[in-house]
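Engineer: Sequence:
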Amino acid sequence: MTSHIDPKTLKSWLHDGGEIALLDVREHGQYGEAHLFYGIPLPFSRLEVDAPRLVPRRGVRVVAYDNGEAGVADRAAGQLAALGYTDVHVLQGGTAAWKAAGYVLFAGVNLPSKTFGELAEETYHTPRVSADQLAEMLARKDKVVVLDGRPVSEFHKMNIPGATCCPNGELAYRVRRLVPDTTTPIVINCAGRTRSIIGAQTLINLGLPNPVYALENGTQGWYLSDHQLGHGGTQRYAADSGNTDLRLAAKALAERFDVPTVPAETVQRWAAETSRTLFLCDVRTPEEFAAGSLPGAQHTPGGQLMQAGDQYFGVRGARLVLFDDDGVRAPTVASWLRQMGHDASVLEGGLASGLALAPAAAPAAPALATIDAKALSARLAQGDVALVDLRGSMQFRAGHIPQARWSIRPRLAADVKGETRQIVLVADDAALAAWAAASELPDRAALLLEGGMAAWRAAGLPIEATPVLPADADCIDYLFFVHDRHDGNKEAARRYLAWETGLVAQLDAQERAAFRLPSAASASHT
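Number 344 in full-length UniProt numbering belongs to position 344 of the sequence shown; there are no gaps in the numbering.
Just so you know, the hints here were simulated from the structure itself, not pulled from any lab data. Check the hints yourself; a few may be wrong.
[To be verified] The following label-pair restraints were derived from C-beta to C-beta distances:
hint, residue 1, residue 2, range
1, K141, G232, 18 to 26 Å
2, R256, T370, 50 to 58 Å
3, D226, K8, 44 to 52 Å
4, T370, D226, 51 to 59 Å
5, D240, A358, 54 to 62 Å
6, Q510, G349, 44 to 52 Å
Using N, Cα and C, we set each Cβ at its ideal position, and we do this for glycine too.
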């Protein structure tokens, strides 16, 4: 039987010092409109696939919530119990009850990290330049280097002309090769504010002698000032640009913020404990991780671990053990995570430590029979199957199989209610479709299109696009609030930046106190 708790109880749990996984089980678009500050996005449509990674310890205290009306939280709680979680609760009344109790709901994503960025700027008084100032510097051909602190994929979408992509987690390791002259000004940018601030302040905290600035409001500020953005950019740090020039500075920075360095034996002991959750985090690049990592580690690129930690660890109060192979990146990233209030440590010896942990156990997806593209085409022509596309709503709009309807797991049973034909599912991830069919269509002999849309396209079969279907209101997996700002909508960009700068004012005293930034006096001595 599911345990229900009220908002006051949940609020006390969030600040009692114990571990807790607060899971928002609505779809991404719903989550992003209004959620609890510490809510971890774990959509019901991805529950069984992502829960073991985000919440690896089955005995941890778990609270699931929705909007209080859809019943998704109770369904998710049942699935979590079936996966072996033993301490699962549901927030009675969901977000509506939370708000009615006088607590704040937040829009957007990666809330703790973005709020922290604003607090960091407030604490450190991070130097900044405006888009117009940078444009003038570039037009004069001043000796200035612009480094974009986002991942390569985000840089490729849009960038400041002439910028070089160097994700924030790589800055300490690569900046001296990218900017060998210690007098050259460096400007760090992102798409908005957070990574510009954190990237610039990282170099300042490391004691870099160069003048360092954050680009105010990032690429959005550049666009709002009517400067042209580049698109499809590929200029990035060189693979051999890593160096250990700042190793001592990184070590000193870690010591300043009380980052422990722990031996493999300690981490092995922690992993065996049943009362605490452990995440072993490889903060190096995707290419380095793919070439070889420690058993039981997950890839958590350092810049994104600071920016979007809720995508990598879902337990508040868990132990985070970071490692690299250079002694520069892990301590630098950990220094920020400690300031964010996380229990972060650095693995002594890093990649060479010999540490080997058992990987998180993930449940096998239920069996789901398949149908190939040609057979499906024939049956669609006969009209004896109902085709349901479970891919993202924007993917469906861009191109889908004729006769397909779009649906998503929380609505799947209702969407096919009364349907007498055999149901065929389309999905990018077979496991997601299998879990959806098992929980939402337990009495239906559903089939899965083998190979998904890639197989359909490879067979040369027709595809149609419906740019306005499903309707915006039905696209509960897509957060328009975030995406429109990058698609030529200046008003959306202005609203986003106003939202970002307004985050700190929405915090209550307990939420603000959970961060561990230095006092303004000690920060000024950086």
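Engineer: Which earlier hints can't be squared with this structure?
Structural biologist: 5 and 6
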